[in-house]
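Be aware that the sequence shown starts at 1, since it is given in full-length UniProt numbering, and climbs by one per residue.
If you're looking for bench data, these hints aren't it; they were derived computationally from the structure. The structure displayed is predicted, hence computed values, not measured ones. Each residue gets a CB set at the ideal place from its N, CA and C atoms; glycine is no exception.
As a list, the in silico DSSO-like pairs of lysine-lysine whose alpha-carbon atoms are at most 30 Å apart:
1) Lys68 to Lys211
2) Lys211 to Lys145
3) Lys272 to Lys307
4) Lys193 to Lys68
5) Lys193 to Lys21
6) Lys445 to Lys491
7) Lys21 to Lys42
8) Lys272 to Lys158
9) Lys475 to Lys445
10) Lys215 to Lys145
11) Lys179 to Lys68
12) Lys158 to Lys179
13) Lys211 to Lys166
14) Lys211 to Lys193
15) Lys42 to Lys68
16) Lys272 to Lys21
Restraint ranges, calculated between C-beta atoms of paired labels, are given here:
17) Ser303 to Asp195: 44 to 52 Å
18) Arg163 to Thr258: 37 to 45 Å
19) Gln320 to Leu181: 35 to 43 Å
20) Thr38 to Arg163: 31 to 39 Å
21) Asp36 to Leu181: 28 to 36 Å
22) Val22 to Tyr127: 22 to 30 Å
23) Lys324 to Pro53: 37 to 45 Å
24) Pro53 to Arg163: 16 to 24 Å
25) Gln77 to Cys289: 23 to 31 Å
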Amino acid sequence: MLRMLINFALESLGSTVSSDKVSVDGHECTNLISQDLTLRRKGYLAEHFLRPPVTLTFHFPCNVCIHKVVLVPSVGQQKSNLLELLCASQLQYRETLHLSQMKKAHIESRRESHSNSSTNFPPPVFYTVSKVFSNGDETCFYNPKVVNLNSELDTFKKQIAMRHFKSEMLTAASHLTIKILSTLSGSAAALSKIDIWGLPSNSVQSHLKEKIFTKYVNFLKPECSSSLKNENHKQDCGDLNISQGKIEIPEEFLDSLTWEVMTIPILLPSGKNIDKSTLDTYIAHESVCCKKPRDPFTGIEFSDSIKPLPNLALKARIDQFLMKNSSDQIIGTVPRTVSDGLRTLLGKRKVTGQRVNQNLLSTPCISDVDRHNTHRLHQTIVKECTIIVPNAVPANTDTGNSSHETQLKDSLNSALFSILHDLPSSVNETNVETVDVKCCSCVQKLSNETIVYQLPCSHVVCRTCLFLSPLTIFKCSLCTLGFEKKMIVRKH
1 MLRMLINFAL ESLGSTVSSD KVSVDGHECT NLISQDLTLR RKGYLAEHFL
51 RPPVTLTFHF PCNVCIHKVV LVPSVGQQKS NLLELLCASQ LQYRETLHLS
101 QMKKAHIESR RESHSNSSTN FPPPVFYTVS KVFSNGDETC FYNPKVVNLN
151 SELDTFKKQI AMRHFKSEML TAASHLTIKI LSTLSGSAAA LSKIDIWGLP
201 SNSVQSHLKE KIFTKYVNFL KPECSSSLKN ENHKQDCGDL NISQGKIEIP
251 EEFLDSLTWE VMTIPILLPS GKNIDKSTLD TYIAHESVCC KKPRDPFTGI
301 EFSDSIKPLP NLALKARIDQ FLMKNSSDQI IGTVPRTVSD GLRTLLGKRK
351 VTGQRVNQNL LSTPCISDVD RHNTHRLHQT IVKECTIIVP NAVPANTDTG
401 NSSHETQLKD SLNSALFSIL HDLPSSVNET NVETVDVKCC SCVQKLSNET
451 IVYQLPCSHV VCRTCLFLSP LTIFKCSLCT LGFEKKMIVR KH
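Based on the provided sequences and hints, a complete structural model is requested.
Printed below as a string of structure tokens:
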């Protein structure tokens, strides 16, 4: 039973982590070993003004035989590309003075605290065991002496071996250091995930091995108990794959600003996806400072050609993921769009429109002309509603038997309706009559490409007629008024 691999990157086992650089608020190095999944998912992110190298040192509660180290050196778009792994080994502290004269409680307290105190040990000496050039992808560092390549590393694309001529660096490691030597495109040093899989070293005393194993089993028990409740005790805890701790939300489903699951994803001109509520909040804050709506990542103002668009393909994938994992406690609390109100609204519009139409047509005091105009107006309103929501689902009273495809389609319709509701309608566009602009002197048509000057009397004159006039006072041929040339301004 002690052969089960243990993840030593957990604070519940007594492991600690420290960094030599300041981190961003909410992205401290302690997130990497936290038991809280929300904090653990945020990872570590150094301040943007700090340059590599950045060092993260993990101190284990006992000497560890490291089997493999799995890490993801990226947080969002911040990626680390050159990593170096270093290990240190310190011998176990041994009591040698008058053990028979010391109380048993005092001995136990010394044994528990020796792994956390550094006053009894010389400073650790680190040796490089591996180095890799990564592009922010998940990387697995393995110990070739204890890991079977064919069975345990098939799921990892990037596999790097750890080697050192001192075998105790990997078989009895007390410290593990990850040094970020460079980042990609000048981004901040980042590390979103780390798992240190191994076993207590052979030199560790048996009672300490049992204590660590008991802590790790207690850490896994809440996951098993929550999974058993969700499955109504129909499956064994070891066979469950959908537990609270094992569901990983894809990064593309998270808001690039708030790191929460998006309800209505909006694709920005910069290529980032954020939720519609986040964008509305950002625009509202910008309007307080009298700023126009702009991309929060690039600062470029929105225009007709550069504007945010709803990402319906991503919306479909998010809804499918939420419906598939709706039994999970965390996933079940994620807000989502509901289309029942949309169907009810459309149903009420349809019924109300029919009733109004029938009542108006059956009223005896309305003339035939008014009756005809009312019918045309009703048809126009129905046509506009059809154009705005082309894929609206008719009202259905039996909502309990709706299929997965129907729910997904209704959710997309609801998201599309909420987005199009805020956009200006372009159904009833009026034809603007173009007026020919003519020169008041030569009576020639002036195009938009021609240089035109405007007189104080609101008439226009071409550039040729204005400069060919030898007098300082130019006389308008239409209203026979004279103006000094300095009073004439250029129109376009």
